[in-house]
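Peer 1: Construct all of the structure, not just a fragment, from the sequences and the given hints.
Protein sequence lines correspond, in order, to chains G and V.
Following this note's numbering, the numbering of the first sequence begins with -19 at its first residue and continues without gaps.
Following this note's numbering, the numbering of the second sequence begins with 6 at its first residue and continues without gaps.
Simulated from the structure, these hints should not be mistaken for laboratory data.
Yeah, the Cβ is synthetic: ideal placement off N, Cα and C, and Gly gets one too.
Errors might be hidden in some of the hints.
If you anchor each label on the Cβ, the simulated ranges turn out as follows [as the list claims (entries may be wrong)]:
#1 G:Leu(-8) with V:Asn131: 22 to 28 Å
#2 V:Ser121 with G:Phe154: 31 to 37 Å
#3 V:Gly138 with G:Gly155: 57 to 63 Å
Output of the computed footprint for chain G on chain V, the stretches with three or more beta carbons under 8 Å from beta carbons of chain G [as the list claims (entries may be wrong)]:
#4 72 to 86
#5 94 to 108
#6 120 to 126
Using 27 Å as the maximum straight-line C-alpha spacing, the simulated DSS-like pairs for lysine-lysine come out as follows [as the list claims (entries may be wrong)]:
#7 G:Lys194 with V:Lys119
#8 V:Lys135 with G:Lys194
#9 V:Lys113 with V:Lys135
#10 G:Lys157 with G:Lys61
#11 V:Lys161 with G:Lys194
One letter stands for each residue in the lines below.
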Amino acid sequence: MFKPSALSDWTLFILFSAAILTMPIWLAPLGANYPDLMQKFAIFGIFAIGFNILFGLTGYLSFGHAAFLGVGSYTAVWSFKLLTMNVIPALIFSVIMAGVFALVIGFVSLRRSGIYFSILTLAFAQMSFNLAYSVLTPITNGESGLQLTLRDPRVLDAAAGVAVGRSLPSTNLFGLKMSGLPGFYICAVMLIIAFFLSMRIFRSPFGMMLKAIKSNQTRMAYTGFNTRPYLLAAFVISGMYAGLAGSLMAVTDPLAGAERMQWTASGEVVLMTILGGAGTLIGPVLGSAIIKYAENIFSAFNTSELRQIFDFMPDGLQQVSVAVSSMFVGEAWHFTLGLTFMIVVIFLPGGIMEGFRRIGGLFRRSDAKAGKVESSAAAAHS
Amino acid sequence: MENTVLHVADVHKSFAGLHALSDIDLSVREGETHAIIGPNGAGKSTLLNVCIGRLKPDTGHVIFNGENLTGRAPHEINQLGVVRVFQTPEIFPDLTLLENVMVPILAKRDGSFKMSWFRRFSSELNVRNKAMGVLQDLGLGEFTNAMATNLSRGDKRRLELAMGLAQEPKLLLLDEPTAGMARHDTNATIDLLKKIKAGGMTKVIIEHDMHVVFSLADRISVLAGGRIICQGTPEEVKNDPRVKEAYLGEEQV
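Peer 2: What follows is the structure in structure tokens.
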């Protein structure tokens, strides 16, 4: 019977790290090994891992996590403008700021549970989005987004005597420029750290309490636990993850816009987590990579390309084929996404990870007569 | 005189004008098993809910070891050592049996909130062994790694009892521990509760089944129409004309 032993966790962690760090190699056949896309995989992986700590463990569905993503981005850009182009302070400040925001929003939202909690978080995120667009223009630069300028003070850089060139400086890690592959690698390292911390949380007594809250919150209270601080801690941690993801967006591309806080961005992370498998360790990373990869593939098609693909067909059939398939690609790729999501939720409510588990279960059943109790226990742990 | 552990003093509770409880005065002594019986709708469950903080009494107090329980949050009452076992099993269906019992032990050890996120839950060997012991005592030792949701109803109730006992409560409140059980399971539960009784844990049992009540209780309070109509040893209660009336009155309907 499979129990999450310390050893198997380390194996998982090492395999995960190896897979992430070698992405530029094994993604080459898929045509997805360019830094921009891999950065997205890593950044949204972090976002989804953090979201999963709240949603996967406690079952509290936040529809406002994009607010923390946005806070992270703005903070990072301000750190680049005011202090230094070095990414370390930006990352640290972003995580702290997102944590503070999450503390406030979580404190209020967690007074309710279920759908009311979701609505409250959604309302807060929309509020942040609208504030960023209008009232807070001095901080967020409104519609045009917060950008670097040549006149920025950058006090630490100035003190260190970094010469201001004619072009905008680029973000760096002690001199190493954070664009291209190095940019991917800082995201990858952050993803590995994020994964490790999430694994520790999953296996810890704290994580077990969160799972128990999801299973039966009333019972938790009668068992002697004050569930509110547990939930708030989970909310703040997942908000900090979102802040980290947001700041990495700014690291790889130093600008921040309010659209990062929009509800579609909050919805996306929900899709990623559920598609991959909420409550599993790997699922959210997988879900975010699949969605970002599919977005990349499907949204790239345009009508002329489709015509080329269906060139071999007779004229009338070609037009019909192009018309039908254009409903699924290009701008309309969200339709494909929605359809996939529906199929997964209906047939595999546990996401892709449940699919893997079922396939694994088929093999296991054939070589051993696993008792009903045993296999269900194993399913819950894998 | 023996020590009073739980003192329900002058409690009134009404719902929309309906007097669910009136003039309730009740003392539970240390080490005794106190049964609360009464016909349906007598207010037994309301009384229990007042004791664990789920309901707030309109007037009066519930005092436990000198602490006023009135108006306290459920987790605070649990932390004081009052544990309730529910009538419909309240367990963690998505956790294994072992985890179900380990969680309450951690509540007792670590208090109502502790951020221990870097240790491994499965490395809590003391907690684990203790939970294993309790599960074995209750005849659930074989299924420790099964999901609680897969248990039969009888086993779920036993699991909940295990969760309660694992906290070594100062006062255990049992809400109809044998309701819906087959005769065989009922007898097993009685034996089990007798065993706990030998250990000297103070218990309050709400029960319908007279067989269970008379084989376990040291003292009995009879509740009817929201009032305590009689209090005493099983012998005294059995022979009390008011009790006969309350029960016969119900059974003739």
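Peer 1: Now tell me, hint by hint, if it's right for this structure.
Peer 2: Taking the hints in turn, this is what the structure says about them:
1. G:Leu(-8) with V:Asn131: 22 to 28 Å: holds (27 Å)
2. V:Ser121 with G:Phe154: 31 to 37 Å: At roughly 35 Å between Cβ atoms, Phe154 (chain G) and Ser121 (chain V) fall inside 31 to 37 Å, so the hint holds.
3. V:Gly138 with G:Gly155: 57 to 63 Å: holds (60 Å)
4. 72 to 86: Three-residue rule met by the segment 72 to 86 of chain V, so holds; n is 5.
5. 94 to 108: holds (count 10)
6. 120 to 126: holds (count 7)
7. G:Lys194 with V:Lys119: holds (17 Å)
8. V:Lys135 with G:Lys194: Satisfied, since the Cα-Cα distance of roughly 24 Å is no more than 27 Å.
9. V:Lys113 with V:Lys135: holds (13 Å)
10. G:Lys157 with G:Lys61: Distance ~16 Å between Lys157 (chain G) and Lys61 (chain G) Cα, so the pair holds.
11. V:Lys161 with G:Lys194: holds (18 Å)
Figure legend: structure checked against the earlier numbered hints; every hint is met.
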